[in-house]
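Undergrad: Here is what each chain is made of, one letter per residue.
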Amino acid sequence: MKNTQRLPLGNRMKSYFSKPANVICVVFLVLLILMVVLPLFTLLIGSLTVNGNQEAIYIGNGAAEGDFTFHHWTELLTSKEFDYASIKFWIPLWQSTLMALLACAVAVGFGGIVAWFITRSDLPGKKYISTIFVFPYIMPSWAMAMFWENFFKNTEMNAGMGMLQSVTGICVPERIVYGLFPCAMSLGLHYAPFAYILIGGILRNMDANLEEAATVLKTSRFKILRRITLPIVMPALVSTVLLVFSSSISSFTVPFFLNKSSINSGNNFISISVQMRSLINSGFTKGQGYVLAIILMLFSIGILTLNNWFTGSRRSFTTVTGKSGQVSLVKLGKARIIVAIILLIVVTFFAIMPLFSFAMESLLEVPGDWSTFTLRYWLSTEAFEGSNKGDTIGILRSGLMWRAMGRSLLLSVIVSLVAGTFGLLIGYAVARKRNSKLATTVSDLAFLPYLIPSMSFGAVYLALSYTKGFTWLDGSFFLLILVGSIKFMPFASRTGTSAMLQLSGEIEEAAIIIGVPWFKRMTKVLFPIQKASFISGYLLPFISCMREMSLFVLLAASYTTLVTTVLQEYSRTGLTQASNAINLLIIVFVLVIQFVVNKLTGASIDKGVGGN
Amino acid sequence: MKKVLAIILALVLVLSMAACGGKKEDEGKSSVQQAIEAAQKMSAEELEAAAKKELEENPDLTFNADSLTSGVNKALQGFEKKYEWMQGRWAYNVKKGAEYQTKLTAAQKAGSYIADFVMIQDGSFLKNAMIDTGFLLSYVPSGEGIEIAEEDQNPLVGVTFNKVFMYDNTKVGTEQLKNVWQMTGVDGVSLKGLSNVSYQSPLAEDVNQNFLIMLTGPDACEKLTGAYKSYFGKDYDPSGDDYENIGYKFVAEFIANVGHWHSSDTSEVKAINNYADEGRIIFAGLCKLKDYPYYKSEHKDSDLYYKKAITAAGWNTEVEGFDGFVYNMWTLIPDTAKLPYTSCLFIRYIHTEEGFNAGWGGILGYYSSNRLIPSVEGDPALAEWNSKCIVEDTTYLDSAYNTAAKFIMRQMSGVN
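Protein chains in written order, with this note's numbering: chain A, 120 to 731; chain B, 253 to 668.
The reader is advised that the hints may include incorrect statements.
Pair by pair, the computed Cβ-Cβ distance ranges are [stated by the list, open to error]: (1) A/707 / B/628: 38 to 44 Å; (2) A/220 / B/329: 49 to 55 Å; (3) B/349 / A/676: 45 to 51 Å; (4) A/385 / B/570: 49 to 55 Å.
Calculated directly from the structure, the hints in this document are not laboratory data.
Quick reminder that beta carbons are idealized off the backbone N, C-alpha and C, glycines included.
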């Protein structure tokens with residue numbers, strides 16, 4: 120160490136940059152400052168200035184566009200006029216926090232339990248359960264909300280007859296259908312596969328010797344779970360909570376869709392994200408919207424800090440040592456069949472029924488009216504009402520839709536390759552330099568895009584694309600790739616970090632000793648060992664990118680650019696059957712891709728967990 | 253650490269300044285302004301020649317039209333048929349309200365090209381962010397067959413829309429809603445209160461927010477006062493409650509009484525006959541009836557389609573108080589347009605009967621600002637709607653937004 124300090128600067132730098140982890144950290148630090156810190160500062164600046172004439176009118180007192188002001192902060196956090204601050208901010212924040220925590224509990228509980236049964240028990244039907252359990256995550260989150268409403272709504276609340284009522288005659292209370300509880304359930308079920316993927320990936324790779332040693336010492340099953348299994352899956356658990364909480368609290372579509380009760384019913388629930396969207400969308404209150412976005416990010420950063428405390432301290436989460444790949448399954452005994460049946464029913468219900476619901480919605484002219492059954496939204500060669508240039512024909516025959524699907528696929532593949540590789544590299548650097556501040560900073564910065572609302576993130580890059588010198592970006596496919604890669608990198612960096620932290624340093628050290636170069640170590644040693652987890656790091660951005668709407672809606676050259684912008688346009692113009700059909704197609708495409716990846720690489724999201 | 257922070261801040265400052273772009277200096281009129289002024293003095297034939305020449309001189313350019321309404325797309329198809337030299341030289345871009353406002357604002361701040369023609373709603377945004385900054389400009393067509401009221405000229409109104417209270421005639425009959433105070437849920441002297449109103453949340457739909465704010469304005473208060481007396485058989489006594497005026501009282505009681513907050517006008521109107529016995533009273537655009545596929549398939553070979561739709565989904569044009577809300581969509585040219593003469597020609601086209609009908613003809617709930625173009629058969633004239641509805645007023649919206657929006661939010665929260 121002393122000798123190193125005496126070396127000239129050039130040599131010290133050469134020595135520093137001879138370590139791949141250092142190069143990765145520095146490169147990504149620069150990249151992430153440019154790509155992530157700038158949007159964040161733009162939000163901050165927006166929250167402290169008058170953003171246009173409408174805001175100036177709202178603020179009054181001679182305020183003018185561009186003026187520095189604290190008004191957005193004081194207005195949103197303290198205004199007592201009509202209880203504005205408490206109604207617009209504090210109450211929604213409290214209720215949304217409850218909703219997000221409940222969603223976390225559902226996701227981690229449901230996903231974690233299923234992951235444990237799949238990876239650590241002798242449950243029958245694993246392959247089927249594992250395959251379909253990820254379906255709800257492939258769907259857009261509002262799909263589960265739509266299914267929830269379609270299933271539970273009833274005539275007692277004048278909402279039309281839902282599936283449950285039509286089959287059983289049961290009318291559930293309104294609070295089951297609309298409000299905070301169904302929002303939390305829909306989000307929890309949507310993100311449960313996420314918990315399943317992250318927790319399951321670690322459980323699968325866990326060295327069974329630890330549990331077996333405890334069993335030999337006659338430790339109780341509960342104690343093994345509490346003292347061995349839970350601590351080992353803790354990084355994945357905290358990552359899951361972080362991701363689910365952040366996603367849930369900023370979810371707009373689900374609370375928007377499931378808030379239809381009358382004010383007096385007591386079920387009316389206006390989430391913080393709905394408030395944020397309405398504030399940002401109004402020219403009068405854009406600055407307040409930025410304040411809310413910043414506060415939501417601070418909330419999530421709090422959990423991120425907790426996450427760092429778990430992974431950054433001296434604890435060790437190494438589970439893959441290269442010394443043992445042994446996995447022994449817990450025998451469920453008589454409960455085996457019962458548990459399997461319950462899981463099969465529950466998982467099938469939440470995975471298959473929404474798809475069925477989509478299919479039905481695309482086949483009926485009038486929702487719920489079977490006499491209006493039609494295939495025209497799939498197969499018609501005649502244009503629908505309100506159509507133009509003949510592009511709104513049956514989606515299977517629509518060149519516009521197929522071209523958009525092709526572009527979406529291409530975009531998602533590129534984004535997943537870029538984001539997945541970035542995430543893997545960041546994971547490697549973070550794992551190798553665990554106590555370094557630089558690595559922690561890079562890791563945190565890589566996660567921040569997840570916390571920035573999609574609309575705001577898109578808006579910053581839109582402004583950039585209109586700036587002189589950058590106008591070549593406007594409407595370009597490259598801009599979509601750039602924004603998508605950054606926005607979806609957190610998925611990959613989280614999975615990459617979790618997987619790398621599990622790998623013992625000894626494995627790479629052995630390769631270094633025999634002179635294996637870094638690239639070869641990565642591709643021939645590290646990647647193959649944790650292939651399942653890394654492939655998840657590629658597949659998650661792919662899935663998210665395929666169904667992303669709000670991030671790209673500002674940046675796409677036109678509504679025909681991507682399949683989700685086509686879907687949104689069909690939905691907006693009332694062609695809900697066609698938009699449901701497209702939704703179904705997206706899910707099918709993702710499943711096909713997953714199948715192809717599985718055949719080519721032998722890995723897939725569910726297989727990574729243990730569906731085989 | 254401090255150095256790193258300083259570098260980051262400096263970097264961000266430089267990039268932020270770059271992102272702000274340079275504001276256009278006031279050095280006289282832009283080329284687009286000059287083109288519009290010239291077009292204003294041209295005959296239809298001269299304008300056509302100028303537009304044709306403009307396109308021929310710029311073979312790489314496409315005429316880009318941005319709009320929320322697909323009527324523009326249909327009108328462009330008619331435009332292409334009428335002017336064959338436009339063949340394949342245009343593109344229609346669907347642009348949704350708030351998202352498009354973000355794009356327009358970014359383009360205005362950067363002084364960048366966004367489109368050659370823009371059709372948008374939200375009067376307050378238009379005035380404050382686009383007209384006052386000089387980014388969107390008006391070309392006012394004139395000549396034979398075109399008569400546009402002065403108040404609709406700057407900014408130029410393209411199409412006017414309305415939202416009314418609709419319901420399923422087959423279940424509730426046309427006589428269900430006769431006085432707006434019924435929608436507060438309180439029984440009147442001879443009419444019953446109604447609790448089955450379905451309204452899209454003002455948090456998600458700007459037009460609905462603007463309607464509620466406009467209800468607190470002087471015109472609405474006058475209408476509400478008259479209807480109150482008729483409904484309750486007595487004059488409204490402002491000393492009896494704490495509301496700023498009768499409009500605020502109505503808004504508070506209306507919001508509290510809404511039975512269902514729907515997420516999409518289009519889907520709600522489609523399902524109008526799907527609800528229980530008393531049905532729903534749906535506040536939605538009259539033009540949404542065009543998407544009633546069930547009736548269209550039933551009567552697709554008949555010219556009576558829209559009349560059939562009217563029979564199914566009814567509304568009362570004689571509601572005491574008001575029938576609904578009237579608001580505009582404006583047709584404008586960005587100051588950075590590349591094909592301004594083509595823009596003027598297209599604006600002129602959609603203000604002719606031929607052009608309007610190509611885009612919006614034969615559909616309920618669309619009204620041209622050209623007074624010589626009648627509304628579709630079975631739909632009252634715009635002047636009649638204006639007299640019976642609450643009409644969007646940008647000046648009032650701006651002045652009342654702060655207080656009224658907070659008041660609405662408080663009612664929406666259910667906190668008393």
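Undergrad: So, for every hint listed, does it hold in this structure?
TA: Now for the hints, and whether the structure bears them out:
no. : hint                      : in the structure
1   : A/707 / B/628: 38 to 44 Å : holds, 41 Å
2   : A/220 / B/329: 49 to 55 Å : holds, 52 Å
3   : B/349 / A/676: 45 to 51 Å : violated, 19 Å
4   : A/385 / B/570: 49 to 55 Å : violated, 36 Å
Hints 3, 4 from the list above are not met by this structure, while the remaining hints are.
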